[in-house]
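Student: Next come the chains, spelled out residue by residue.
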Amino acid sequence: GEDVEQSLFLSVREGDSSVINCTYTDSSSTYLYWYKQEPGAGLQLLTYIFSNMDMKQDQRLTVLLNKKDKHLSLRIADTQTGDSAIYFCAVGYSSASKIIFGSGTRLSIRP
Amino acid sequence: DGGITQSPKYLFRKEGQNVTLSCEQNLNHDAMYWYRQDPGQGLRLIYYSQIVNDFQKGDIAEGYSVSREKKESFPLTVTSAQKNPTAFYLCASSTWTGGDSNTGELFFGEGSRLTVL
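Just so you know, the protein sequences line up as chains A and B, in that order. Taking the working numbering, the leading residue of the first sequence gets 1, the next gets one more, and so forth. Taking the working numbering, the leading residue of the second sequence gets 1, the next gets one more, and so forth.
To be clear, the hints were calculated from the coordinates, so they are not data collected in a lab. Any given hint might turn out to be false.
[As the list claims (entries may be wrong)] Example chain A residues on the side facing chain B (calculated, C-beta under 7 Å, incomplete):
#	residue
1	LEU8
2	PHE9
3	TYR31
4	PRO39
5	LEU43
6	LEU45
7	GLY82
8	GLY92
9	SER103
10	GLY104
11	PRO111
We treat Cβ as the ideally placed atom computed from N, Cα and C, and that holds for glycine.
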């Protein structure tokens, strides 16, 4: 079945880069996503990558996809206090028309 | 402004009672979803619907029911059969109904927090 895994916590110093990792089991994915959740709120899409791409860059965000290893990462350059949130990896499966989420990684920023 | 509205934001329920969470969208999206969020477990799919009058069970549908009588509305009922209903519930919608035709971005509501007393 489909499974998406992430580590639960990450702590980085302000100004450093944050790298959040995600692994998934089913290789028939179509799109892979990164969502951000602020406390007590819903999720907002940060960025996405199509499964036939290796990398996507969007301002401070860089997404890397290693399809062979079924590994997705999100790099946030120059991490700021406003980046504190939970980051969810999600994988879309067109065959089943559904999106499976990881457990979320809570990113905390230290001064 | 287009978006998804969930209500109520907070809800308290006594054991044995059914409750219904509202989800309304004015984005003209075909697909709608209900997720449950528990600490450290991420989002788990309860039910989803790709078209009016049709819906499918997700991974944790037991103890829940839904209806999709209108495109804009996808209410979720948490029944007394749900053994551990205290959680944060998120509704989402999407233009995606499968295939590679679009990115499948989910638009989320602000969530409803249900507490069973």
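Student: All hints, please: hold or fail.
Tutor: Going through the hints against the structure:
1. LEU8: 6 Å, holds
2. PHE9: 10 Å, violated
3. TYR31: Nearest chain B Cβ about 5 Å off; hint holds.
4. PRO39: 11 Å, violated
5. LEU43: For A/LEU43, the interface hint holds, since the closest Cβ of chain B sits about 5 Å away, which is under 7 Å.
6. LEU45: Since the shortest Cβ distance to chain B is 5 Å, the answer is holds.
7. GLY82: 19 Å, violated
8. GLY92: Interface hint status for A/GLY92: holds (5 Å vs cutoff 7 Å).
9. SER103: 4 Å, holds
10. GLY104: 5 Å, holds
11. PRO111: The hint is violated - A/PRO111 has no Cβ within 7 Å of chain B, the shortest such distance being about 26 Å.
Violated hints, in rising order: 2, 4, 7 and 11; the structure is consistent with all others.
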